[in-house]
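Participant: If you want the building blocks of each chain, they are given just below.
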Amino acid sequence: MFSKLPFPTQKKVILVSFIAIPLLLLFTFAYYPALELFRLSFMKWNGVSAHKEWVGFANYAEVFSNPELFGVFRHNFAYFAIGIVQNIVALFFAVLLNTKLRGRNGFRLLLFLPYILNGVAVAYLFGYVYDTTNGSLNYLLGSLGFDQLAQTSWLGNKDYVNYTLASVGLWRFMGFNMVIYLGALQSIPSDLYEAASIDGASSWQQFTRITLPNIYKIIELNLFLTVTGALEVFDLPFVLTKGGPAGASETFVMKIIETAFQFNNYGLASAMSVVLLLIVVIVLSIQRYILTKGDD
Amino acid sequence: MKAAAKLQMGIKYAILLFSCLVILFPPYIIVVNAFKTKEKFHASSAISLPDSWFYFENFVKAFKQASIPLAFSNTITIIVVTLFFNILLGSAFCYAISRFQFRFQSFLVGLFMFATIIPQITTQVVNYKTIMSLGLTNNLMGPVLLYIGADIIQIYIYLQFIKNIPYELDESAMIEGASLIRIFRSIIFPLLTPATFTIVILKTINIYNDFFVPYLYLPRAQHVVVSTSLMRFFGNNSGDWQLVSAAILIIMIPTAIMYIFLQRYIFAGVTSGAVK
Numbered sequence: 001m002f003s004k005l006p007f008p009t010q011k012k013v014i015l016v017s018f019i020a021i022p023l024l025l026l027f028t029f030a031y032y033p034a035l036e037l038f039r040l041s042f043m044k045w046n047g048v049s050a051h052k053e054w055v056g057f058a059n060y061a062e063v064f065s066n067p068e069l070f071g072v073f074r075h076n077f078a079y080f081a082i083g084i085v086q087n088i089v090a091l092f093f094a095v096l097l098n099t100k101l102r103g104r105n106g107f108r109l110l111l112f113l114p115y116i117l118n119g120v121a122v123a124y125l126f127g128y129v130y131d132t133t134n135g136s137l138n139y140l141l142g143s144l145g146f147d148q149l150a151q152t153s154w155l156g157n158k159d160y161v162n163y164t165l166a167s168v169g170l171w172r173f174m175g176f177n178m179v180i181y182l183g184a185l186q187s188i189p190s191d192l193y194e195a196a197s198i199d200g201a202s203s204w205q206q207f208t209r210i211t212l213p214n215i216y217k218i219i220e221l222n223l224f225l226t227v228t229g230a231l232e233v234f235d236l237p238f239v240l241t242k243g244g245p246a247g248a249s250e251t252f253v254m255k256i257i258e259t260a261f262q263f264n265n266y267g268l269a270s271a272m273s274v275v276l277l278l279i280v281v282i283v284l285s286i287q288r289y290i291l292t293k294g295d296d
Numbered sequence: 001m002k003a004a005a006k007l008q009m010g011i012k013y014a015i016l017l018f019s020c021l022v023i024l025f026p027p028y029i030i031v032v033n034a035f036k037t038k039e040k041f042h043a044s045s046a047i048s049l050p051d052s053w054f055y056f057e058n059f060v061k062a063f064k065q066a067s068i069p070l071a072f073s074n075t076i077t078i079i080v081v082t083l084f085f086n087i088l089l090g091s092a093f094c095y096a097i098s099r100f101q102f103r104f105q106s107f108l109v110g111l112f113m114f115a116t117i118i119p120q121i122t123t124q125v126v127n128y129k130t131i132m133s134l135g136l137t138n139n140l141m142g143p144v145l146l147y148i149g150a151d152i153i154q155i156y157i158y159l160q161f162i163k164n165i166p167y168e169l170d171e172s173a174m175i176e177g178a179s180l181i182r183i184f185r186s187i188i189f190p191l192l193t194p195a196t197f198t199i200v201i202l203k204t205i206n207i208y209n210d211f212f213v214p215y216l217y218l219p220r221a222q223h224v225v226v227s228t229s230l231m232r233f234f235g236n237n238s239g240d241w242q243l244v245s246a247a248i249l250i251i252m253i254p255t256a257i258m259y260i261f262l263q264r265y266i267f268a269g270v271t272s273g274a275v276k
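In the order they appear, the protein sequences are chains A and B.
Per the UniProt record's numbering, the very first residue in the first sequence carries number 1; after that it's consecutive.
Per the UniProt record's numbering, the very first residue in the second sequence carries number 1; after that it's consecutive.
Chain A with its partners taken away, still in its complex shape:
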């Protein structure tokens, strides 16, 4: 019956029926919550009662003035710092694996492996690696003769617990960044390199003059993922340290979840979410701005 309809009518039916449900879902689970967070951020609400009190910017004032809230972003810094290292290492291995090398598929397979493993399992895996007394890292350090270092409580020291956790991120996500870089490298035409080496360019010159400019967009993408990843860290500290010792590894998103689901302060949690979203948008805009300037 449908096939008897003229094409323009068919087209209309298809457009409406194929697009409506995904669009409805997108609004329900992405845009509606974003707008609702914005609205709730001006309210005082416990999440249950019908009564919501308008409090203006009080929640935002609380976010920025309470060092317990905005201040936890300094914990996120470790993830940013290690994230930059992770990108450099990933780019290094991508360049390495993009050369003629026996077994390079095998190396790629292995370096990417951690990315597909279950996150909770990886968290406990490193719980064991970093365990102070039974831990395998300390055992390894001890047997290599670093007795002092082998006493370290990697997850129990508030000064470097975040770096310890961020290093797990490095182990887990380096291969992911590497595969993205590798994909970009493989799309650079190889005659560019041939021409350059005929002209006598060194490998370093080839890297800075050919490779880097050609994967600029991908570097930008990876850096964006790194920065937002660092801002939004949640699962690893949540599973492994529960924010401890004494709140030293709490992250901003953990605070949001705690504020909403434990303290039932939905207004404040919403304000924190909006702040996070705005920071992400600002980071993205700055990157876009720098990139488009670079194109001119």
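Please note: incorrect hints may appear among the correct ones.
[What the hints assert, rightly or not] Stretch by stretch, here's where chain B covers chain A in the computed footprint (C-beta under 8 Å, at least three residues): (1) 70-82; (2) 268-280.
[To be verified] With a straight-line Cα cutoff of 16 Å, these simulated EDC-like cross-link-like pairs (lysine to aspartate or glutamate) come out: (3) A:K100 <-> A:E36; (4) A:K11 <-> B:D240; (5) B:K40 <-> B:D240; (6) B:K40 <-> B:D51; (7) A:K44 <-> A:E62; (8) B:K40 <-> B:E57; (9) B:K129 <-> A:E36; (10) B:K61 <-> B:E176; (11) B:K38 <-> B:D240; (12) A:K242 <-> A:E220; (13) A:K11 <-> B:E171; (14) A:K4 <-> B:E176.
It is worth saying that the hints were derived from the structure and are not from the lab.
Quantities reported herein were computed from a predicted structural model and do not represent experimental measurements.
For glycine and all other residues, C-beta sits at the position ideal for the given N, C-alpha and C.
Based on these hints, arrange chain B on the given structure of chain A.
Facilitator: Using the frame of chain A, we list chain B on its own:
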């Protein structure tokens, strides 16, 4: 010159081998300790080999205590239902949006792209209320709805692939009198099979590895999934690393096997998802 090239090659391999050791060290520890008895675990060093590779007591215990069969059946139910709708809705959506000219076309695509920058975990504050008002907390279909609605990798991947299918195919089918639905069903969807395959694998891994959605929406023991079962098990047995190791292995192995056999599609998906 030849010696220098050889040295360079040697350094390359040394660096790569070292990195492989770093990657493999943590899983190695889990593997050797999962086969140790409690006494052996305390008496031996963390990196030593077990007495026997046929000591399965830890696995048996983990299997029972972590309700592994239930966790796997719940996880698989969630994955299968989610994938069914993801593929159906995702491919149809991409067909409609990329095969026809209409107003707001690029605006619509933009809407989907922009949504990815909204930090998903923070929207749970509101989504929790939505799922609750739909009566889907403590129901496997709650997470399913979130995975269908809030995650849109399938749209990226289908959009990438559908662009490469020549429009002439649609045109000649139209001339032969096929309806648009039929063109979608018998021409476009079958040609999207590699994309569908990639989506199935990536989504399976993502859902299998997610813990926060099940942790938040499925707190009851009867709805446990692989991630939350491991969390419970760890809570009850923390410190008994030989037991925990066995449980970690049971959870890790399925995706690792899937990865080794289907790596081609995984790499294709990761690369095409990134280079959007």
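Participant: Evaluate each hint against the coordinates.
Facilitator: Hint by hint, here is what the structure shows:
1. 70-82: Answer violated; 0 residues pass the 8 Å Cβ test.
2. 268-280: holds (count 7)
3. A:K100 <-> A:E36: violated (53 Å)
4. A:K11 <-> B:D240: violated (62 Å)
5. B:K40 <-> B:D240: holds (12 Å)
6. B:K40 <-> B:D51: Holds - the C-alpha atoms of B:D51 and B:K40 are around 8 Å apart, at most 16 Å.
7. A:K44 <-> A:E62: Roughly 12 Å between the alpha carbons, so the hint for A:K44 and A:E62 holds.
8. B:K40 <-> B:E57: holds (13 Å)
9. B:K129 <-> A:E36: holds (11 Å)
10. B:K61 <-> B:E176: violated (63 Å)
11. B:K38 <-> B:D240: It holds: about 8 Å lies between the C-alpha atoms, which stays within 16 Å.
12. A:K242 <-> A:E220: violated (32 Å)
13. A:K11 <-> B:E171: Status holds; Cα separation ~14 Å.
14. A:K4 <-> B:E176: holds (13 Å)
Hint violations for this structure: numbers 1, 3, 4, 10 and 12, all remaining hints satisfied.
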